[in-house]
Amino acid sequence: MTERTRIPLHRDPKFRALVIQILALAFVVYGFYSLFQTTVDNLVARGIQTGTSFFDEVAPFQIGFSPFFDYKLGESTYIDVFFVGIQNTILVAVLGIVAATLLGFFIGVVRLSPNWLISRGALAYIEIFRNVPLLLQIMFWNFAIFLPSLPAPKNSIEMGAFYLNARGFHTPLPVIEDSTGFALWMAMLAVLCVGLIVFARRAKVRFQETGQQLPVVWISLGAIIGGGYLLYLIAGSPLIFDEPVLGRFNFKGGGQLPLPLFSLWFALTLYTAAFIAENVRAGIQSVSHGQTEASHALGLSRKDTVRLVTIPQALRVIIPPTISQYLNLTKNSSLAVAVGYEELVAVWAGITLNQTGQALVIIGMTVAVYECLSLFTSFVLNWYNKRIQLTER
Amino acid sequence: MADVKTFVPAPDRAPPSSAVGPIAWVRDNLFGSIGSSIATLVFFYLFFSYVPPFVEWALINANWTGSDRSVCEANAAGACWTFINVRLEQILFGLYFASNPDELWRPTLIFILFFALLLPLLFEKTPGKKWLTIALLGVFPVVFYFVVYGGYFGISQSNTTQWGGFLLTFALAFVGILLALPIGILLALGRRSELPVIRSMCVIYIEFWRGTPLITILFMASVMLPLFFPAGVEFDKVVRAMIGITLFQSAYTAEAVRGGLAAIPKGQSEAAMALGLGYWRRTVFITLPQALKISIPSIVNTFIALFKDTSLVSIIGLLDLLNMAQTTARSMEWKGYDIEAFLFAGFVYWAFCYGMSRYSQNLERKLDTNRRN
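One line per chain: the protein sequences are A and B, in this order.
Okay, so the first sequence: first residue is 1 according to this note's numbering, each after it adds one.
Okay, so the second sequence: first residue is 1 according to this note's numbering, each after it adds one.
Hints were generated in silico from the structure; no laboratory data involved.
Wrong hints could be hidden among the right ones.
As the list claims (entries may be wrong) - Calculated lysine-lysine pairs in the BS3-like style (CA-CA distance at most 30 Å, straight line):
#, chain 1, residue 1, chain 2, residue 2
1, A, K252, A, K72
2, B, K130, B, K293
3, A, K386, B, K266
4, A, K14, B, K130
5, B, K335, A, K154
6, B, K366, B, K266
As the list claims (entries may be wrong) - Label-pair ranges, simulated between beta-carbon atoms:
#, chain 1, residue 1, chain 2, residue 2, range
7, B, F48, A, L147, 23 to 29 Å
8, B, T65, A, E371, 50 to 56 Å
9, A, L360, B, T65, 50 to 56 Å
10, A, L147, B, E73, 18 to 24 Å
11, A, V58, B, F48, 53 to 59 Å
12, A, A124, B, L119, 23 to 29 Å
No residue lacks a Cβ here, since even glycine has one placed at the ideal position from N, Cα and C.
Just need the whole structure built from these sequences, with the hints factored in.
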């Protein structure tokens with residue numbers, strides 16, 4: 001009897017699973033090992049010394065744009081180049097994310113407008129911008145539109161204290177003049193924020209107890225803008241604005257966004273906004289009409305319905321794919337190499353690789369940076385998904 | 001009681017003219033509220049200040065004919081499509097075929113064959129779809145190799161370094177999807193496998209390639225690939241780009257297929273298990289066919305993304321559609337017509353991507369109603 005019920009070893013699922021996994025692992029390990037061996041042989045044959053010793057060598061090229069680090073030709077090392085690259089990648093990603101979110105939400109909402117023309121206009125925008133390669137769009141704006149049509153610095157397009165010309169976009173930059181005054185202002189702002197948080201809590205408690213609402217958002221906004229400015233004056237105006245001034249060849253002083261950064265930012269924004277707009281549209285449409293009707297039946301006003309019923313449910317659908325779009329935008333910023341904006345791929349995987357020939361280390365580090373960003377994004381996504389699941393029931 | 005009056009309703013009156021017809025439509029859809037009216041006016045203002053001048057430049061005043069730039073210089077108010085017209089063969093088929101007019105039949109034949117196979121597949125009721133698919137995915141690539149690359153049957157061998165234009169874009173995208181599909185299916189199955197080692201290897205592979213920008217992968221393929229293979233094994237640039245694109249695309253295809261697999265109810269594979277089918281039979285005959293069918297829209301979407309992304313090979317120096325158009329516009333002969341070059345290339349990309357996305361949306365809608373019934 002026992003003989004008949006016993007499974008032969010080669011039919012036992014557990015044993016088979018074990019064998020298959022060991023074989024697969026051995027295959028992959030062997031693959032990596034032989035890859036490693038060939039690579040080492042090849043490196044030896046070509047006389048390339050792979051290592052990180054080039055990090056401390058002085059980089060023989062200039063990086064024109066480095067807003068937060070000091071980069072000096074003849075002093076800065078290759079590893080500085082790496083950090084400047086990361087800094088510039090993050091800068092364009094942040095600028096792009098802010099602008100693409102604003103534009104994307106606007107177009108997504110407008111897409112659902114009852115106005116036929118406006119809704120069709122938004123549709124046309126989405127279909128045009130998301131179906132043309134981003135690289136083509138970046139090069140189009142940079143080489144075909146901005147570079148030939150923007151004026152020389154002398155005839156810059158003037159918008160208040162902002163200037164746009166073929167070299168880039170120039171803005172006034174706040175500089176701390178009086179550091180004690182600045183610290184005082186910051187401290188007072190912090191107190192103001194704490195006060196507003198307490199106020200918001202009180203207002204919520206009051207709403208839950210009595211049903212009376214206070215316009216918390218408007219009061220907070222007013223307090224931060226108006227109160228912030230008042231406190232700024234009380235602290236003795238600790239900032240001065242460094243305005244760009246036309247020099248002999250170009251503007252000096254102030255903040256400068258070089259034209260490649262401007263074109264890249266412009267194209268990334270238009271492209272990513274088309275995708276975000278689609279997410280927004282899908283999110284709003286995913287909230288069933290019954291929700292709105294039920295909310296009206298409960299006596300909520302039209303504004304409260306949108307604010308308390310539609311938007312929170314729509315955001316649940318909108319936010320996860322939008323976070324993925326943020327990651328895409330960051331990865332897409334590597335296309336800057338086509339217009340010469342000095343971000344990670346351009347200065348590190350491009351120029352530094354050409355100068356040193358250290359392909360393995362350099363590509364490895366570049367990939368590692370993007371992998372970290374991607375892991376961080378999926379971490380945020382998982383956290384968000386878990387949070388909205390908890391609040392669901 | 002004899003004369004019972006029956007109630008005869010009066011015929012319906014026509015709806016008031018203010019509720020139907022174009023005037024009501026305009027009122028409801030364009031001037032529904034104050035905000036809407038303002039938006040309409042702003043839209044009209046922007047539309048009429050940008051679109052008519054553009055149409056005038058691009059179509060009405062444009063230069064279409066001629067053979068050199070003097071035509072365009074004489075009429076500078078219009079777009080210079082002459083340049084696209086003169087260099088069309090180069091932009092579509094690349095330098096090799098453009099410089100050998102006797103060989104032009106090769107890419108032309110390939111494109112005709114491709115569309116002849118593809119177009120019937122797009123309709124639902126075409127008979128013999130299975131055979132068409134096999135021909136497209138199995139036979140067509142072989143024909144492509146022999147006709148475009150050549151070297152056999154008295155067809156001269158074309159130099160891949162001289163491949164370019166739309167033909168190269170097409171080749172990269174097609175090879176990418178063709179090779180990525182089987183790899184992606186295996187990865188998707190692996191990611192849903194119950195064996196932890198297999199599953200984690202697939203997860204690492206997929207997330208690694210999805211986390212890296214394609215341009216970095218192309219750099220990797222062009223500078224690091226030669227290091228990974230023993231001396232003597234050499235790939236040309238085009239093949240290296242194809243390898244990079246395939247690795248990248250297989251991760252995205254895997255995610256698309258995984259979505260399809262996840263949507264198949266568990267009862268399907270449980271029923272198959274109850275019938276005594278092993279893992280592979282269960283997968284090949286029961287779950288995978290259903291999963292692939294519903295993941296076609298997502299696969300098409302990843303393919304659209306790939307088709308756009310092939311333009312990145314211009315950064316590593318390949319002359320694809322984008323780079324060819326741009327290079328032509330930078331040649332001495334046609335210097336300064338960048339806008340036309342970009343618009344033309346952009347239009348070609350747009351037409352293909354928009355077509356594919358419409359197709360995928362239609363399919364999605366069809367599949368969706370199927371499931372609801």
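Right, here's what the structure says about each hint:
1. A:K252 to A:K72: Holds. K252 of chain A to K72 of chain A sits at ~18 Å (cutoff 30 Å).
2. B:K130 to B:K293: 13 Å, holds
3. A:K386 to B:K266: 24 Å, holds
4. A:K14 to B:K130: Distance ~38 Å between K14 of chain A and K130 of chain B Cα, so the pair is violated.
5. B:K335 to A:K154: Within the cut-off at roughly 26 Å; holds.
6. B:K366 to B:K266: Roughly 23 Å separates the two Cα atoms, so the pair holds.
7. B:F48 to A:L147: 23 to 29 Å: 28 Å, holds
8. B:T65 to A:E371: 50 to 56 Å: 53 Å, holds
9. A:L360 to B:T65: 50 to 56 Å: 54 Å, holds
10. A:L147 to B:E73: 18 to 24 Å: Distance hint for L147 of chain A, E73 of chain B holds at roughly 21 Å.
11. A:V58 to B:F48: 53 to 59 Å: 58 Å, holds
12. A:A124 to B:L119: 23 to 29 Å: 26 Å, holds
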